[in-house]
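Trainee: Sequence:
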Amino acid sequence: MGSFPYPSTRQPVVADEVVATSQPTAAAAALEMFAAGGDAVDAAVAAAVALAVTEPVLNGIGGDLFALVGEPDGSCWALDASGRSPAALDPTPLLGNPAMPLRGWDTVTVPGAVSGWALLAERGTLGLDRVMAPAIRLAEDGFLVAPITAAAWAKAPEAYADASFVAAFLPGGRAPSAGDRFRLDGAAETLRRIASDGDAAFYRGALAAAVERFARSGGGALRADDLAAHRSEWVRPVEAAFAEWGLVELPPATQGLAALLGTAIVDRVGLAGADPDGPGAVHVQVEATKLALAVTREVVADRDRMQVSVDDLLATEFVDGLAERIEDDRARDPGHGRPAPGGTVYVATGDRHGRVVSLIQSNFVGFGSGLVVPGTGISLQNRGAGFSTDPRSPNVVAPGVRPFHTIIPGMVRTPTGERMAMGMVGGPLQPQGHLQMLVRAALSGLDPQAIIDTPRWRVDDGLDLAVEPGWDPSTLDDLARRGHHVRVETGRSGFGGAQAVLSLPSGGWMAASDGRKDGHAAGR
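Numbering (numbering that gives the first Met the number 0), first residue to last: 0 to 523.
There could be a bad hint or two in this list.
What the hints assert, rightly or not - Estimated spans, in silico, between C-beta atoms of each pair:
1) D128 with L503: 25 to 35 Å
2) Q306 with R235: 25 to 35 Å
3) R212 with S308: 51 to 61 Å
4) G279 with D459: 13 to 23 Å
5) A208 with S74: 32 to 42 Å
Since the hints were made in silico from the structure, they are not lab data.
Owing to the predicted nature of the structure, the values given are computational and were not obtained by experimental measurement.
Beta carbons: idealized from backbone N, C-alpha and C, even for Gly.
Modelling step: build the complete structure from the supplied sequences, incorporating the hints.
Mentor: Written out as structure tokens, the structure is:
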């Protein structure tokens, strides 16, 4: 704790009430809730709604949400606020294609984030109308576009051409620059309706009717009945252990299983006393990650369609079989394929009562489907791109089901009872990032900021292994000798962005935020 062995652009924040996220305006929204007497849940929802306004390149009102909430007594509950494909979706034209389309109406699923905000707010103390107030102000007054957000936004004209998107996000035909003030047409009114009337204002009535009209005009299958039928669910979280440290994740259809399997495999192989920067430790984690991703790709789907249980997949016999496939001196390709892309925002909060929240929400890839309901600020997600087009897959595209989900909030339990809410955005990097953060914390005892500042690696297709600058050249040479196709990437966008808050034995929290993103950690 308190050591910084890597170049750091941030200092950890210690306080009784904390938030860490990717936009300063979202962190300010969380602090406003704490100042009003709110708890960690209120703060997390306020930040999440603010992010839906100020970081539209990755999330929005039309996305999905997952959350883990740790209570002072050590218990943890999980929220799945993800939506299903439209009931009228015809999968026939999609089956047998090489892959799902990345954008357009075939990728649109029911947005779940709004229902997630409402359900979480019920377990807070201030109420939905109060926690949404900062985001409504940001939408109404406009917000100043942050630098890293602006850089991502600048790529939008190459990827999105639908008139609804251009009108909403490319006024005058261009993306806003860093420091420009941006107002998203209709978002303030949409949020005001939700704050006043709850999530029913989104899933029924005028907004749902507007979504259906827009879908019908473009040949989409989404209907008001799909929105009215949506229900978010409280679900049982799942846990795996490494060296007496616990990692808690959401169950399928998220890829939390990949993080859990990777953790369990590394625990079976054993890294006691290993240098977390050394080639041996990295090699084991990389090989475990590839095996975990391969299994996840084959079996994870809507949990109602899963053909094998998560408990069976995490059972000792199955994990031991995977661990035995790791060779100390040889990298292998278990057929994990190229991990899916993604785009996500993440929030971690902790309060003076000991409550902690790990929350993630997303439109999936970038702005999502590229379809924006006119006059509402609702950018519809493209989460349906996560379906398989293989009729043999449990994740095959079909009407009325949840697709495979890349976004995962994480929670860590230390052997001495501390808890760390942590997450890492960046699609395929998320389960890999959870494993890296957990192993580094367990092996080195570094504080959250040092763990976040650490140079990262990323499994790509086959034997490809991307790494950030900062690794010891001898480590990279050793990894290459073992067969990894090592590639140093100078850009930081491919290595995600992490946030974390860690409970302290003396009470209070240590919060940390990633310099790879625009935001920061803050406390009071």
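Trainee: Next, verify each hint and record whether it holds.
Mentor: So, going through the hints one by one against the coordinates:
{"no.": "1", "hint": "D128 with L503: 25 to 35 Å", "in the structure": "33 Å, holds"}
{"no.": "2", "hint": "Q306 with R235: 25 to 35 Å", "in the structure": "19 Å, violated"}
{"no.": "3", "hint": "R212 with S308: 51 to 61 Å", "in the structure": "42 Å, violated"}
{"no.": "4", "hint": "G279 with D459: 13 to 23 Å", "in the structure": "21 Å, holds"}
{"no.": "5", "hint": "A208 with S74: 32 to 42 Å", "in the structure": "40 Å, holds"}
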